[in-house]
Structures are given as C-alpha cells and as structure tokens.
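Novice: Here is how the chains run, residue by residue.
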Amino acid sequence: MTVEDDITNLQTLLNNLRTFWNRYKRNKKGIIGLIIVLIYILIALLSPWIVPYHPYERNVAQPFAPPSRDHLLGGDDVGHDIFSQLIYGTRTSLFVGFVAAISTTLIGVLIGTLAGYFKSLDPILMTITDIVLVLPSIPLMLVLAMYLGPSIWNIIAVIAITNWTGVARIVRSQILTLKERAYVDSARAIGAGDAHIIIHHIFPNTLPLILATTILRIVNAILSEAGLSFLGLGDPLHISWGMILHYAQSCGGFSRGAWWWIVPPGFMIGLLASSFTLIGYSLEEVFTPTLRRR
Amino acid sequence: MGMKEYIIKRLCFALIAIIAVYIFNFILPRMMPGNPIMFIMGGLKLEPETREMLMKRFGLDKSLWEQFLAYTWRTLHGDLGISFSYYPRPVMELIMTRLPWTIALLIPSTLLASGLGILVGVISAWKRGGYFDVIVSNIGLFIWSLPFFWLALLLLLIFGYYLPIFPLRGAITMGIKYSGLFDFIRDWLWHSTLPIISLTIWNFAGYALMMRNTMIDELHQDYIITATAKGLSDRLIMFKHAARNAMLPVVTSITLNLGFVFSGSIFTETVFSYPGVGLLTYNAIMQRDYPLAQGLFLIGAIAVISANFIADIIYAILDPRVKY
Numbered sequence: 001m002t003v004e005d006d007i008t009n010l011q012t013l014l015n016n017l018r019t020f021w022n023r024y025k026r027n028k029k030g031i032i033g034l035i036i037v038l039i040y041i042l043i044a045l046l047s048p049w050i051v052p053y054h055p056y057e058r059n060v061a062q063p064f065a066p067p068s069r070d071h072l073l074g075g076d077d078v079g080h081d082i083f084s085q086l087i088y089g090t091r092t093s094l095f096v097g098f099v100a101a102i103s104t105t106l107i108g109v110l111i112g113t114l115a116g117y118f119k120s121l122d123p124i125l126m127t128i129t130d131i132v133l134v135l136p137s138i139p140l141m142l143v144l145a146m147y148l149g150p151s152i153w154n155i156i157a158v159i160a161i162t163n164w165t166g167v168a169r170i171v172r173s174q175i176l177t178l179k180e181r182a183y184v185d186s187a188r189a190i191g192a193g194d195a196h197i198i199i200h201h202i203f204p205n206t207l208p209l210i211l212a213t214t215i216l217r218i219v220n221a222i223l224s225e226a227g228l229s230f231l232g233l234g235d236p237l238h239i240s241w242g243m244i245l246h247y248a249q250s251c252g253g254f255s256r257g258a259w260w261w262i263v264p265p266g267f268m269i270g271l272l273a274s275s276f277t278l279i280g281y282s283l284e285e286v287f288t289p290t291l292r293r294r
Numbered sequence: 295m296g297m298k299e300y301i302i303k304r305l306c307f308a309l310i311a312i313i314a315v316y317i318f319n320f321i322l323p324r325m326m327p328g329n330p331i332m333f334i335m336g337g338l339k340l341e342p343e344t345r346e347m348l349m350k351r352f353g354l355d356k357s358l359w360e361q362f363l364a365y366t367w368r369t370l371h372g373d374l375g376i377s378f379s380y381y382p383r384p385v386m387e388l389i390m391t392r393l394p395w396t397i398a399l400l401i402p403s404t405l406l407a408s409g410l411g412i413l414v415g416v417i418s419a420w421k422r423g424g425y426f427d428v429i430v431s432n433i434g435l436f437i438w439s440l441p442f443f444w445l446a447l448l449l450l451l452i453f454g455y456y457l458p459i460f461p462l463r464g465a466i467t468m469g470i471k472y473s474g475l476f477d478f479i480r481d482w483l484w485h486s487t488l489p490i491i492s493l494t495i496w497n498f499a500g501y502a503l504m505m506r507n508t509m510i511d512e513l514h515q516d517y518i519i520t521a522t523a524k525g526l527s528d529r530l531i532m533f534k535h536a537a538r539n540a541m542l543p544v545v546t547s548i549t550l551n552l553g554f555v556f557s558g559s560i561f562t563e564t565v566f567s568y569p570g571v572g573l574l575t576y577n578a579i580m581q582r583d584y585p586l587a588q589g590l591f592l593i594g595a596i597a598v599i600s601a602n603f604i605a606d607i608i609y610a611i612l613d614p615r616v617k618y
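Going down the list, the protein sequences come from chains A and B.
Taking the working numbering as reference, the numbering of the first sequence is continuous, increasing by one, and the terminal residue is 294.
Taking the working numbering as reference, the numbering of the second sequence is continuous, increasing by one, and the terminal residue is 618.
Please keep in mind that the hints were generated in silico from the structure rather than gathered at the bench.
A portion of the hints provided could be inaccurate.
Below, a list of computed lysine-lysine pairs in the DSBU-like style, where the Cα atoms sit at most 35 Å apart [as the list claims (entries may be wrong)]:
(1) A:Lys179 with B:Lys421
(2) A:Lys25 with B:Lys421
(3) B:Lys298 with A:Lys119
(4) A:Lys119 with A:Lys29
(5) B:Lys421 with A:Lys29
(6) A:Lys119 with B:Lys303
(7) A:Lys179 with B:Lys534
(8) B:Lys298 with B:Lys534
(9) B:Lys534 with B:Lys421
(10) B:Lys534 with B:Lys524
(11) B:Lys524 with B:Lys421
Calculated Cβ distances over 12 Å to all of chain A for the following chain B residues [unchecked claim]:
(12) Arg383
(13) Met504
(14) Asp583
(15) Ile599
Here a beta-carbon is modelled for each residue, glycine too, at the ideal position from N, C-alpha and C.
With the hints as extra help, turn the sequences into a complete structure.
Specialist: This is the structure:
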C-alpha cells in the first residue's frame with residue numbers, strides 16, 4: 001500500500017459518505033429519529049447545568065411531593081428531585097447504550113468474521129453462537145450481573161456477553177457470500193494474505209450493515225440496562241431511568257399513585273429507544289435499496 | 295440427510311447446550327474473585343472454624359473435579375441446594391411450588407397473543423400497505439422499543455390505582471376462605487387479569503409481524519394464483535388457503551418463544567407481585583440468594599433448550615418442505 005493509495009481510498013470513502021447522507025436525509029423517519037437522539041445527547045452533555053437540584057441529594061423536595069413549580073416532577077420517597085434524576089439518567093442510558101452496543105458489535109464482528117472466513121473454525125464458533133442464542137437472555141444477564149455485582153461496567157459487560165449472537169450470524173453470512181466474489185479471488189491470486197483480504201476487501205463491504213446493526217444494538221442495550229436496573233441490579237452511583245422505576249415500584253410509588261414518578265422515566269426510555277429504532281431501520285433502507293419497496 | 299439424521303443432529307445440539315449451561319452454572323460461583331463459600335453459603339460472617347467445617351461439609355476443600363462429580367450426583371437426584379433467603383427450604387421445592395402459578399399465566403396469555411397475532415397478521419397482509427397494515431406495523435415497531443415492564447406499570451397505575459377495578463398485588467386475596475373451586479378461580483382471575491394482559495402485549499407484536507410476513511410470502515405462491523383464477527373469494531383464499539400454510543411457522547414458534555415468555559414473566563410478576571417463578575427470580579436477585587438464582591436459571595435454560603428441540607422436530611414432521 002502506498003500513500004497515494006491511501007489518499008484515493010480516503011476520497012472514495014468521503015464520496016461514499018456524501019452520497020449516503022444525501023440518500024439518508026430524504027428519509028423522513030430517519031431524520032426525526034436523528035433529531036431526537038441529538039436532543040438527548042445535548043441534554044446528557046449539559047445535564048450538570050440544566051438540573052435545578054443535585055440528583056443524589058435527599059430532602060430537597062417533600063417526600064412523595066406531587067409536581068409543583070419548584071419541583072417540576074415532584075419528589076420521591078426520600079425527597080430526591082425526580083426531574084433532576086431524570087435529566088441525569090440520560091447520561092447513564094446513552095453511555096451504556098453506546099458502549100455496550102459497540103462492544104456487542106465488536107465481539108459479534110470478530111466471531112462472525114472468524115467463522116465466516118476460516119472454514120475450520122466455523123462449526124465450533126457457530127455451535128457456541130447457537131448455544132448463547134438459544135439461552136433465555138434476560139435470565140442469563142440477571143445471573144451474570146448478580147455475580148459480578150452492581151457497577152455500570154459490569155452491566156455493559158453482561159449486555160455485550162449475551163447479545164453478540166445476532167451480529168455474529170449476520171456478519172458470517174455476509175462474509176460467506178462476499179468470499180466467493182471474483183475480486184476476492186483475484187486478490188488472492190496476486191498473493192494477498194487473509195488479513196489483507198479481510199481488512200481491504202471484506203470489511204468495507206460489510207461496514208454499512210454493521211453500522212445499521214450497531215444502531216439496533218443500541219436499542220437493545222438501552223432496554224436491557226433499563227430492565228436490569230428495574231430489577232435492582234443497577235449501579236447505585238449512576239442514577240438511571242430503570243433505577244428510578246425500581247424505586248417507584250419498591251418504595252411505595254403505587255400506594256401513593258405517584259404518576260410523576262412512574263410515567264416520565266418510561267417515556268424517556270421509550271422515546272430514546274424508538275428514535276434509535278427509526279434511525280436503524282432508515283439505515284437499513286438506505287443501504288439495502290431492495291428493502292425500500294416493503 | 296434424512297429425517298432421522300436431522301433429529302439426531304438436533305438432539306446432539308440440545309444435549310451439548312444443556313451440558314454447556316450446566317458447566318457454566320458449576321463454574322460461575324467458583325470463578326468469581328473472593329471465597330466461593332460466600333456465594334454458596336451466603337454472605338454470613340463466619341468464624342474460621344465454622345467456615346472450615348462448612349467448606350468440608352459442602353466439599354469445597356476437595357479438588358474441582360471431585361466437586362464437579364459431587365455436584366452432578368446431587369443435581370441428578372434433583373438436589374439444587376438450599377435457598378439462603380427461604381432457609382432451609384430446598385431450591386427445587388421452591389421452584390416446583392411456584393411453577394404452577396406461572397404456568398397459569400403463560401397458557402392464557404400465549405393463547406391470546408398467538409390467536410390475536412395470527413388474526414391481525416392475516417388482515418395486515420391481506421390489506422398490505424393499507425391503513426390497518428401501516429398502523430399495525432408501526433405500533434409493532436413501537437412496542438418493541440418500549441420498556442415492557444413500564445407498560446405493565448402503567449396498566450397497574452391506571453387500572454389498579456386510578457380506576458381501582460383490579461387489585462394492586464398478589465395472585466389471590468390473602469386470608470380469604472373460599473366457598474368452592476369456582477370461588478377460588480374467580481378470585482384468581484380477578485388478580486391475574488392485568489398480568490395476563492401485559493404478557494399478551496409482550497408477546498402479541500412478535501406473532502402479528504411474523505404472521506404478516508409469512509403470509510405475504512405465501513401469497514406469492516402458485517396455488518394462490520390458481521385459487522384466484524378459479525374465482526374463489528378473497529376471504530376463502532386468505533383463510534382457507536394462505537393462512538393455513540402461513541400459520542405453521544407461527545404455531546411452532548410458540549414453543550420457541552418459551553425463553554422470551556420466561557423473561558417476560560420475570561418483569562410481569564415483579565410488577566404485579568404475582569407469586570410465580572418470575573417473582574421468585576426477582577426475590578433471589580434482591581436477596582443475593584445465589585443457589586436459588588442459579589437453580590432457576592438452570593431449570594429455565596433446560597426448559598427452553600428442550601422446547602427448541604421439540605419445535606424443530608414438530609416443524610420437520612409437519613412441513614415436508616423443510617430442508618434438513
């Protein structure tokens with residue numbers, strides 16, 4: 001590879017990105033999803049300056065206080081300001097969503113590539129994939145998270161360990177078809193090694209698909225984090241929407257009818273996850289034009 | 295490859311999967327940093343002598359291999375250890391007493407979800423691209439992106455608190471004397487309506503989307519064109535011809551869904567404080583009851599793997615087109 005080759009490669013990449021963006025921006029659903037996600041990211045970045053109270057400080061509101069002008073979403077059982085907690089929860093959800101989805105994808109891509117490219121590894125890797133795939137994912141996550149203990153990194157690890165199977169299968173099947181293409185044969189004929197073929201000929205062609213699945217993995221990671229936190233396995237040092245719901249459920253939110261404690265967190269999770277779903281499906285439509293008819 | 299080889303292959307996979315889960319279950323507490331006795335005996339502060347005695351009693355002083363053999367011996371005899379939080383009740387007994395309550399939720403919600411899903415899927419596919427179809431597809435997508443337990447929480451808040459039609463918790467009224475079986479069933483139904491509805495919502499979208507897609511594939515088949523050419527009515531073609539064939543993968547997926555439903559029941563039973571295996575799982579986590587959580591996971595995993603195996607076999611027998 002010479003420097004000039006790299007420069008032309010970079011230019012093609014930029015050109016591809018431009019055509020991609022031109023196609024993506026015509027997708028109305030995709031744009032709506034993108035705008036909502038950007039707003040969430042903005043909230044997460046600015047949260048220390050937006051929150052009216054410190055989210056971990058008790059007794060800033062009356063216990064079970066209904067919404068008022070001072071406390072937009074009232075208080076919980078020990079007088080936390082729920083609005084401030086909700087704002088801070090954005091950080092946890094986005095962080096876990098992005099990091100867990102990227103880790104999930106990396107594991108999936110690694111295993112899928114190895115299985116698809118190297119025939120000898122395929123049976124054992126696919127058996128492992130099938131076993132993890134068949135196991136009930138939430139119970140598996142629960143058992144692992146319980147042993148590892150409540151920390152945000154453990155939650156990320158648990159999500160990545162249990163959710164990579166789908167990515168691995170998609171990547172493997174892509175590689176199985178790409179491997180048979182003529183340009184791979186010709187690359188091999190002029191003496192290119194396995195690593196070179198994978199990096200320069202296979203990856204650039206699977207990248208769009210990997211990107212779309214990563215976005216859908218984010219949805220999965222956000223919902224998994226919410227579920228684990230709701231079941232009491234959240235990181236107590238990082239307030240999250242699932243954890244707010246956990247406390248609402250276990251500390252008397254229902255006997256008080258505290259809708260301001262129960263409705264907003266779920267709404268935040270649902271809106272964020274749906275926006276990522278919209279982005280993910282729009283990406284799939286842009287990358288695979290044959291899907292557009294459906 | 296014939297049917298026989300196919301079944302043997304699937305059986306081998308199921309056995310390998312069960313053995314893998316089993317070994318995972320054995321290794322997990324022993325792999326964790328710290329003393330395995332903490333995970334196997336609970337976080338009790340123990341005198342050194344007591345700990346030594348317990349280590350010996352539970353065989354934790356032996357080699358890993360000997361421990362594995364002893365663990366296997368106990369498991370094969372249905373002994374999954376003693377629960378910490380319900381001490382001294384055996385894990386197996388706890389699971390077995392809670393299981394009927396969960397099954398009582400799973401059966402009606404699965405029937406409702408698959409029945410409704412098939413119906414909605416057929417109508418959606420029939421009027422493909424119409425209002426109904428677009429709404430169903432979008433709602434289906436939206437439900438997938440919502441935290442399911444939140445929907446259950448909303449149901450409870452609305453129909454348990456604001457319009458107190460249904461009770462806030464439990465499967466039966468505590469301390470009540472029933473005048474007969476009918477009375478008992480009525481009380482149970484009153485308690486489990488909301489849990490059943492929320493499990494149905496959890497399951498429904500998957501069935502509807504699957505039915506819609508297989509139905510659309512089916513509508514491109516030659517025999518449908520023949521039926522249309524013969525001048526049969528749309529309704530007859532949809533329900534008598536296409537739906538019958540499209541239903542096959544959907545019906546076998548009921549068994550495949552067991553793992554999914556198991557996950558759903560953990561959330562549903564937690565929200566409604568319904569005393570089945572799902573709530574037992576939640577309690578095991580909250581109390582850090584390691585033997586109970588592991589026992590539940592093992593039983594659940596074996597059930598799901600077996601259900602998958604059965605689904606594969608049923609599908610192969612029912613659908614002669616399947617390629618082994």
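Novice: Each hint: holds or not?
Specialist: Here is how each hint holds up against the structure:
no., hint, in the structure
1, A:Lys179 with B:Lys421, "violated, 40 Å"
2, A:Lys25 with B:Lys421, "holds, 29 Å"
3, B:Lys298 with A:Lys119, "holds, 26 Å"
4, A:Lys119 with A:Lys29, "violated, 40 Å"
5, B:Lys421 with A:Lys29, "holds, 23 Å"
6, A:Lys119 with B:Lys303, "holds, 20 Å"
7, A:Lys179 with B:Lys534, "violated, 44 Å"
8, B:Lys298 with B:Lys534, "holds, 32 Å"
9, B:Lys534 with B:Lys421, "holds, 17 Å"
10, B:Lys534 with B:Lys524, "holds, 14 Å"
11, B:Lys524 with B:Lys421, "holds, 21 Å"
12, Arg383, "holds, 20 Å"
13, Met504, "holds, 15 Å"
14, Asp583, "violated, 9 Å"
15, Ile599, "violated, 6 Å"
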